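J.: Use these hints to put chain B onto chain Y, whose structure you have.
Number of protein chains: 2
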Amino acid sequence: MTISASLPKALLQPASIALVGASADLKKNNSRPQRFLKRFGYEGRVFPINPGREEIFGERAYPDLGAVPAQIDHVFVMVPAAAAPAVIDQACELKIPVATLFTAGFAELGEEGLKRQRDLVARAREGGMRILGPNCMGMVNVHDRIPLTVNAVIERETLVPGPVSLVSQSGSVIGSILSRAQARGVGFSKLISVGNEADLGVGELANMLVDDKDTGAILLFLETFRDADRLAAAARRAYAVAKPVIAYKLGRSGVGRRVATSHTGAMTGLDEIANAFFREHGIMRVDTFEGLFECVQLVMRHKPPRGRRVSVVTGTGGAAAMVVDRLGALGADVVGPSPEVIAALRAKHIEVSDAPLIDLPMGQSDGGRYSTILSTLLASDHTDAVVSVIGSSAQNPQTIVDRVFAANHRDDKPLAVFLAPRADDALAHLQKNGVASFRTPESCADAVNAYLNWHAPVERLAVTPEVAQAQQALRGIASERLTEREAATVFRALGIPSARCRIVQSAADPIDLTGPFAVKLVSPDVPHKTEAGMVKIDVPSERVTAEVTELLTRAGEKFPKAAVHGVMIQEMERGLAEVIVGFRRDPEVGPIVMLAMGGIAAELTKGMAVRIAPVSIETARGMIEDVPALCALAGFRNLPRGDLNALAHAIRAMSLLAAVERRVTDAEINPLIVKPDGDGVVAVDGLLVMAQAVSP
Amino acid sequence: MTISASLPKALLQPASIALVGASADLKKNNSRPQRFLKRFGYEGRVFPINPGREEIFGERAYPDLGAVPAQIDHVFVMVPAAAAPAVIDQACELKIPVATLFTAGFAELGEEGLKRQRDLVARAREGGMRILGPNCMGMVNVHDRIPLTVNAVIERETLVPGPVSLVSQSGSVIGSILSRAQARGVGFSKLISVGNEADLGVGELANMLVDDKDTGAILLFLETFRDADRLAAAARRAYAVAKPVIAYKLGRSGVGRRVATSHTGAMTGLDEIANAFFREHGIMRVDTFEGLFECVQLVMRHKPPRGRRVSVVTGTGGAAAMVVDRLGALGADVVGPSPEVIAALRAKHIEVSDAPLIDLPMGQSDGGRYSTILSTLLASDHTDAVVSVIGSSAQNPQTIVDRVFAANHRDDKPLAVFLAPRADDALAHLQKNGVASFRTPESCADAVNAYLNWHAPVERLAVTPEVAQAQQALRGIASERLTEREAATVFRALGIPSARCRIVQSAADPIDLTGPFAVKLVSPDVPHKTEAGMVKIDVPSERVTAEVTELLTRAGEKFPKAAVHGVMIQEMERGLAEVIVGFRRDPEVGPIVMLAMGGIAAELTKGMAVRIAPVSIETARGMIEDVPALCALAGFRNLPRGDLNALAHAIRAMSLLAAVERRVTDAEINPLIVKPDGDGVVAVDGLLVMAQAVSP
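Quick note, the sequences are listed as chains Y and B, same order. Everything in the first sequence is counted per the working numbering, starting at 1 for the first residue and increasing by one. Everything in the second sequence is counted per the working numbering, starting at 1 for the first residue and increasing by one.
For reference, chain Y alone in the conformation it holds in the complex:
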């Protein structure tokens, strides 16, 4: 019996391939894989499968997989959706380790298609086979010359080996990136189209690439997250072995999110959640298409920066100003040379000012001056990255070499080069020699900014005592949707204080609290209590018994069938600001914690901070800084300071719900009142929703 190849080998480096649905018609997509494999000199065996042909492009064709007289590592399926299950079944019988399905007509078509897709995966699982796709364009292994794909771009392109691998949720984009990047001197290792990700997902594939000796950097073109946990783990492993993971993700806008996922049947959430995920796991995110591949050499061999500082040097002011302007707009800190740099250059008879752009006058950027400045900046601690903007001399690649390489051999920190005129040769020349070169000021600033925003993966937190306390508090609670009071108990167990309150059954019950009060009906059967008139606020102590009676009477009239558990009397709390602190299990990325302004401010001021939960106190402080309106509480303009320390602790506490065993799906404190510094925070209202007990 033949031993099957391992999954990564069968998927990415198969020794034998069957092409089911192969065609001899040059116009058909189905003819491409065989032609491409031949053209690029694939060294393994190829078996076209087509019951209607004896031979295709000089190769013997077989009626079905069973007729192939050899072990098959990888089957590439191009038959219609209805015919796919039979192919999968036969492949399973033959112990073929992996199938790639170009075949479409599954989850991307909706509910019916999703059912077909699930059935297909179930068959494959049962037979011990893995699936790439369906509805994918296949895979290209450049080093081993295996273009196992229907991507039309391969028709005209050569394949340039290099360290860059790409996993893409859009198949056609692979061709676009390949054609653009190769012309720019960027070579590839593996390019993988994942299609509907019914089985093999971006995360598992990225994980294989971490182990791939020919891969030095992993690019991701993403529309959504379907296996976020696996991707998180892969990104952390990649970080540990210094293979940068760089993502371009659609979904910056609502309409972008809609179209990004419409054709693959995925769901996708707010862009802030994606950012939180990337940040948590050490993934760099770019915002421009070409920035995705242009930036590889910017980050390879480098660690995340210590600050957000960047130096820019040029002999061509206008073009450099475009990069500086955009860096500034993106929030990077464009810094002039430090006194030490100025002094070091002066010692070499080069005078520069401390202006944010080092702009050498015309004619003064040669004679070794330019590369001396560059290498001095690259060696200095006052900055985290260096941008060099080159003008007309970019059209002479040799000049660039003299200027940039003399400096870049230091490699202390990332160097980005933007070439102002058209200079395709120089762009390619630089990339081939390991220097990140950019074609537009926008992609240059984008990539540098992405580098400056890059973080090491956040360390996983140890489980803390509050988690056990919250678990204890949840033990006695049977319902899935907790009452406000039950929720407050859990929040208190986590360490978040809440407004003092009592539940009374009638106006006769004693109330040992200090007014004014909020008075609310307690009933699981009356939703939207404020709108229903079942909440009274600012009730003075002397009015409270009357209000209780009135509320109970009105409730009896208005909601005669509702179970009434009493009336809650809650001390009114005042502070300097109201915030919302939320927790949620996001369907894509898992537990997240969120901070935003509360009340009307929440709707009117942008700025929500989101992180993957749980978070450290330090991360919670970073979240507070991310909400601009909260700077009013941080000593802004002599306004009273809020207790932001207590707020950070509350955020961290909320995030610990991620570690609680009984699965909390949603929690929110709205509002959490932030009091003056030293006086803490207090939860006024909150909700907490548990997963159904039967959930996995």
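Note that these hints are calculated values from the structure, not bench results. Here the structure is a predicted model, which is why all the values come from computation and not from measurement. For every residue, glycine included, the Cβ atom is placed at its ideal position computed from N, Cα and C. Any given hint could turn out to be false.
[As the list claims (entries may be wrong)] In the DSS-like style, the derived pairs of lysine-lysine whose C-alpha atoms are separated by at most 30 Å in a straight line are:
{"hint": "1", "chain 1": "Y", "residue 1": "K675", "chain 2": "B", "residue 2": "K536"}
{"hint": "2", "chain 1": "Y", "residue 1": "K348", "chain 2": "B", "residue 2": "K27"}
{"hint": "3", "chain 1": "Y", "residue 1": "K536", "chain 2": "B", "residue 2": "K432"}
{"hint": "4", "chain 1": "B", "residue 1": "K95", "chain 2": "B", "residue 2": "K9"}
{"hint": "5", "chain 1": "B", "residue 1": "K38", "chain 2": "B", "residue 2": "K9"}
{"hint": "6", "chain 1": "B", "residue 1": "K348", "chain 2": "Y", "residue 2": "K27"}
{"hint": "7", "chain 1": "B", "residue 1": "K28", "chain 2": "Y", "residue 2": "K348"}
{"hint": "8", "chain 1": "B", "residue 1": "K348", "chain 2": "Y", "residue 2": "K28"}
[Stated by the list, open to error] Ranges of calculated distance between the beta carbons of each label pair, as one might list FRET restraints:
{"hint": "9", "chain 1": "B", "residue 1": "P510", "chain 2": "Y", "residue 2": "I503", "range": "54 to 64 Å"}
{"hint": "10", "chain 1": "B", "residue 1": "S541", "chain 2": "Y", "residue 2": "D509", "range": "53 to 63 Å"}
{"hint": "11", "chain 1": "B", "residue 1": "P510", "chain 2": "Y", "residue 2": "E542", "range": "35 to 45 Å"}
{"hint": "12", "chain 1": "Y", "residue 1": "D509", "chain 2": "B", "residue 2": "S506", "range": "49 to 59 Å"}
{"hint": "13", "chain 1": "B", "residue 1": "G434", "chain 2": "Y", "residue 2": "G110", "range": "34 to 44 Å"}
T.: Here is chain B on its own, set in the frame of chain Y:
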């Protein structure tokens, strides 16, 4: 006597050129103009001026301008700054109409240089000569083969004639644009580097280009505005003759503003002011470098749009999603096909959904379907622009022709084509045939968004009665910095009510107002009265006499030398929001009116609206919509509505200060209280500053 050429002809199409400081050394910049003119076949006469040479590049050299035996239309000056005045003097004597100064060492070096520059211009003015520069790279007239420039890019480029002219405040950027655009099939008419704009400015040059028969579109690369009034007039003329004016302007960020202007000694203001200027005068603004030239064909032959709607059609989902996502993020309204479009296509057996992206499945985008969809969209009223995103077929220009041109001959509305893979030939082919083609999803979305933001020039307003009333109110006021009360009188004359108040000299004076009150010391000698404790707010009626006495006593103790004009008792006003309404004469663009949130909200929420003053009521309403926090007053979430109608009238009234004869330089109402709908607005505090009487 020879008659001098007209200025435009001498500047842009000279029949004879003197090159002062010409060099025979190939390595020197000074050798370039003569070599360039020769290489491209300039048909006029060229006179190199160099006292040290008999001959340069085969042409006889002259010791000075006076030795040239013919009339000179245009003198190009490359001597050091110290030698420039003598050249200018001699040129004036010889009645040469225009000099271009490559010579640097003027305003860009600071105060000293600015003096030298003013002296130079004064000499030229006296002699009846105009100056381009100094510190500029010169001019290229492509149609007439006159590369009168030192720009190094010309060394390697051909010159491709076309309808596009460029005026640039950065000289080197001209070379970058020329080399990039020509390779992309975009041809040029005139390219002008303006340098320090000591005499001829962007506006006057743009105005010449409006009259230039070879110019069909005017591009501006701007760092600042130095002759905004002329540029405004030129842009309005250009609009009237359907020559689009498209600007790229630096200064989106603070650091960008600093570096944009450091090397030419200019000042520049907030980016919102630049936007207000462009909008006012019908100039389109792009945000990406290549978008500047890629978009010309998008707007030529078209009027500004009626809405912000755009349709996107593709056969390659992932790449199109990048454009859609970015369009959405920029605020464009990506619309799916209307029921009428869906029905019209169905009649031709083409099924599309109403999703925002028309994404044809693989293999269904040929057979005439694609161009049928395109032409149907281009003819439909449900959208204002159409984007076509093309995948691998872009590498076959003939396919593009079939698909796009069949549709584009309609030309009902702008069409943008983004080519996803590398497809340089197709990009150039499309542009040459009048179709706007884009190299990146970012520049494509940017240009379409710029088009959707494009407005016809705002109609100039007739002078209204309020202006005369304000003039009348100002008549009795001698000071430059008006008191709060004087300012309120002017605002009231314009139609903006202010809080009722009285000035009392002692607690004995009667007060016929309704409390609570704000009580403020009136003294020109006590600045920052709130900080000095000379303002009390929320004073109830019964406390007001005591407060007056107390304030006067404290003022006497604390500021014994200050002139005290009494105490102002002002009725406290409450409303739904506080806003700031401001007026200013911006040093670059002239009178502007501004609206922002007042109080702390002003600091914490972004969103300021700026327009060129004066504005119509309609424009004022648009400003209110531009401040997101004000949507709280527009019927948001059942909150009480604010009197936004009264606010619009107040903004318009403030903007009328632009038309008041006595020159108001600054005015501000802060806060203006917006009351519930129907109750109006009321100014609580304000300032008004007049220009010094001697100002021009």
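J.: Taking the hints in turn, state whether each one holds.
T.: Do the hints match the structure? See the list:
At roughly 26 Å between alpha-carbon atoms, K675/Y and K536/B fall within 30 Å of each other, so this suggested pair holds. Of the supplied pair hints, the one linking K348/Y and K27/B holds, its CA atoms being roughly 25 Å apart against a limit of 30 Å. A distance of roughly 71 Å separates the Cα atoms of K536/Y and K432/B; the hinted pair therefore is violated under the 30 Å criterion. Taking the CA atoms of K95/B and K9/B, the gap is about 15 Å. The hint holds against a cut of 30 Å.
With a CA separation close to 20 Å, the supplied pair K38/B and K9/B stays within the 30 Å bound. A C-alpha spacing of about 25 Å is found between K348/B and K27/Y, which places the hinted pair at or below 30 Å, so the restraint holds. Restraint check for K28/B and K348/Y: satisfied, since their Cα atoms lie roughly 25 Å apart, inside the 30 Å limit. Simply put, K348/B and K28/Y have alpha-carbon atoms about 25 Å apart, close enough for the 30 Å limit, and the pair holds.
Taken as a hint, the range 54 to 64 Å holds for the pair P510/B and I503/Y, whose Cβ atoms sit roughly 56 Å apart. Separated by about 43 Å at the C-beta atoms, S541/B and D509/Y break the suggested range of 53 to 63 Å. Checked against the given bound of 35 to 45 Å, the beta carbons of P510/B and E542/Y, roughly 39 Å apart, stay inside it. About 58 Å separates the C-beta atoms of D509/Y and S506/B, a value consistent with the hinted range of 49 to 59 Å.
Judged by the Cβ atoms, the range 34 to 44 Å given for G434/B and G110/Y holds: they are separated by roughly 41 Å.
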